[in-house]
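**Student:** Below, each chain spelled out in residue letters.
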Amino acid sequence: MIEVRELSKVYRRAGREIRALDGVDLTVRQGEVFGVVGQSGAGKSTLVRCVNLLERPTGGTVRLDGQVVTDLPPAELRRQRRRVGMVFQQFNLFDSRTVAGNVGYPLEIAGVGRRERARRVGDLLELVGLDERARAFPAELSGGQKQRVGIARALAADPAVLLSDEATSALDPETTTSILRLLRDLNQRLGLTILLITHEMGVVKEICDSVALLRAGRVVESGPIGELVARPDSVLARDLLPAPPGRPAREDRLVVDVTVTPAAADGPVLATLVRRFDVDVEVVGGSLETVGGQRVGRLQLELPGAGGHAEALAYLERAGLRPVVVTS
Amino acid sequence: MTDWTTLRPVLWEATVETLYMVAVSTVFTLLVGLPLGVLLYATARGRLLAAPALHRVLGAVVNVGRSLPFIILLVAVVPVTRAIVGTTIGATAAVVPLTIGAIPFFARLVEAGLREVDRGKVDAALAVGSTDWQVLSRVLVPEALPALVAGLTVTVVALISYSAMAGAVGGGGLGDLAIRYGYQRFQTDVTVVTVVLLVAIVQVLQFAGDALARRLSHR
Ligand SMILES: Nc1ncnc2c1ncn2[C@@H]1O[C@H](COP(=O)(O)OP(=O)(O)OP(=O)(O)O)[C@@H](O)[C@H]1O
Ligand SMILES: [Mg+2]
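For the protein sequence lines, the chains are B and L, in the order given.
For the first sequence, the numbering used here assigns the number 1 to the initial residue and increments by one for each residue that follows.
For the second sequence, the numbering used here assigns the number 1001 to the initial residue and increments by one for each residue that follows.
It should be emphasised that the hints constitute simulated quantities derived from the structure, not laboratory data.
Any given hint could be a false lead.
[Claimed, not checked] Covered by chain L, according to a simulated footprint, are these stretches of chain B (three or more residues, beta-carbon under 8 Å): (1) 131-137; (2) 152-164.
[Stated by the list, open to error] If we take Cβ atoms under 7 Å as the criterion, some of the chain L residues that face chain B in the derived model are: (3) D1123; (4) V1128; (5) A1147; (6) Q1206; (7) D1210; (8) R1214; (9) R1219.
In this text, all values refer to a predicted model and were calculated from it rather than measured experimentally.
The beta-carbon is built from N, C-alpha and C at its ideal position, and this holds for glycine as well.
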C-alpha cells in the first residue's frame, strides 16, 4: 500500500544541513496498522510529511498503491493528497468553523453539494461518536472530542490511508485508549491502512500490527510485531516486552530467558523439559503482555549447575521459545 | 461670541464630510490593503506562495509608505489627486492621500494577523487537497478574521485623525472647521466641540470594532 524507498530529506537552515531522513525503506501493507517509533528528532514527523506530500523529499520515492507520488505536478499532487488522511497531535481544527464545518471542509473544496455534504458529515460524525456536537465550535470541545473531529475530517475525503502523527500525545491515558480503539475500529471496519507515529510503546502494543524503529533518519529495525518480539536480539522486542526482573545471578545456576509466543509449540513445554532431560527447572521471573493482539510472555528460568544443558536448550529452541542464556 | 444657531448646520456638515472621507477611504483601503497584506504574508519565505524577491520589494514599498509623514504625503500626492479626482480641494480629493496613507498601514496589520494563524491549520487544509487559493480564502482569512477586524478598526481610527489633518489643508470636515474657527478666529469653544465630536466618533467606532471582533472569535 505504502512503499517508501531510499527516502531522504535534507533541510538547509542558516547554511547548515540537517539530514532528517537518510535512506528510509518501509513497506506498509494494505489494511495494517503500522507504527513508527523513535526518539525526538529521529525524523518521524518528516517521514509522514513526505508520505502525505506536504514535504518534497530530497531523494528516494514514495509509492501509494504502486504509483510513485513523489515529484507530481501540483494538480495531481492535490488529488493524491486526498487519498491520504492526516491526523495531527495539535488537532489543527479550524476555530472559525463548527464541528460540521470542519468535517465538511474536504468535501466543500472537492465541490460536493450542500445536501450530499450534510449527509456525509452526519455519517462521519456518527462514526466517531460526535453526532450530538455538530454545531459546536472546537473551543467548546475536550481534547479527545477535538481529535475525533480531526479523525472525521481526515476521513471525509474517503482516503485509503490514514496518517497519524502523535495523535494521542496531547491526551490523557483514558482518552488515548478511546482514540486508539476508534482507530482500531476504523481499521477493521473500513479496511483503512494506518501509519501511526508515536513515542509511546503502549500505543504500539495496543494497536499496531507492524512497527519500525527510526533512529537518526534511518530504519534500524522493522517487522510484524509477532515476529519482532520473538527475536531475542531485537531492540524493539526489549521495549515491547521487557525482560522480567529476575534474581541476582548465582555462580552455580544457569539463567535462561525464554519468550513465549502463540507461534511457539503447543503443549506443556516446561513439563516435558523437566521430564525428558531430568532437570529441576525453576521459574524465577516472568511477565505476560498483550502485544499486537497476541498474548506473549517472557520467562526467566533457572537450571541447576553453571553450564551444560545443551540438549535442554536445543529442545527449547525447537519448541520456539527462543532461549537466551543470561550472563551476569 | 460664538453664534451656535448658525454654527450648528456647519458643524453637522463638517461631521458628515469627515464621516464621508473616512468611509470612502476605508472602502478603498480595504480593497487594496487586504490583498496586499495577504500577498505580503503569502510570499514570505516558507509560506504558501514563497517568493522572497517579490516579498522584499512589497515590503520595501510598504515601509516607505508607512515611514512617510502624513503631512508630506498629503503634499506629495497632489498631482495624483488631481489626475484621479480632477481637483485637490474638498472631501473627495482628501480621500486619495488618506487611502494611500492607510493602505500600507492596514496591509502590515493584515500580514501580522495572518501570521498569527497556526501553520498546522495550513497543513491540515493542504493535506486534504486544498489549492493555495482555497487555503487563503477559506482557511487563513476566516481564521484571522477577528484580527483583521481589529486591524481595520485601528486603521479607521487612524484615518479619522489623518482626516482632520487632510481637512486642514482644504479637505473640509471637522479638522478644517477647528482650524478655521478655533485657530484663525480664536473661537476656542468651537475647537473644543469639534474635538469632542472626533473623540465620540472614535469611541463609537472602537467599541463597535471590538464588539464585532469578539463576536467573530470562536476561540
Ligand atoms: N522545517 C524544518 N527545517 C529544518 N529542520 C527541520 C525541519 N523539520 C524538521 N527538522 C529537523 O529534522 C530532524 C527530524 O525532525 P522530525 O520533526 O522529523 O523529528 P521527530 O522524530 O518527529 O521528533 P519528535 O518526536 O520530537 O516530534 C530534526 O533534527 C529537526 O530539527
Ligand atoms: Mg514529530
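**Student:** Now, for every hint given, state plainly whether the structure supports it.
**Tutor:** Each hint, compared with the structure:
1. Counting residues of the region 131-137 of chain B whose CB falls under 8 Å from any CB of chain L gives 1; the rule of at least 3 is not met.
2. As drawn, the region 152-164 of chain B meets chain L at 4 residues by the rule of a beta-carbon pair under 8 Å; at three or more, the given contact holds.
3. Among the interface hints, the one on L:D1123 holds; its C-beta lies about 6 Å from the nearest C-beta in chain B, closer than the 7 Å criterion.
4. The closest approach between the C-beta of L:V1128 and any C-beta of chain B is roughly 4 Å, which is under the 7 Å cut-off, so the hint is satisfied.
5. With a least beta-carbon distance of about 11 Å to chain B, the hint placing L:A1147 at the interface is violated under the 7 Å criterion.
6. Restraint check, L:Q1206 versus chain B: the minimum CB separation of about 23 Å is more than 7 Å; hint violated.
7. The restraint placing L:D1210 at the interface with chain B is violated, with a minimum CB-CB distance near 18 Å, outside the 7 Å limit.
8. Annotation: interface hint on L:R1214 violated; nearest CB of chain B at approximately 13 Å, more than 7 Å.
9. Because the smallest distance between the Cβ of L:R1219 and any Cβ of chain B comes to about 5 Å, under 7 Å, the interface hint for this residue holds.
The structure fails hints 1, 5, 6, 7 and 8 (numbered hints given earlier, in ascending order).
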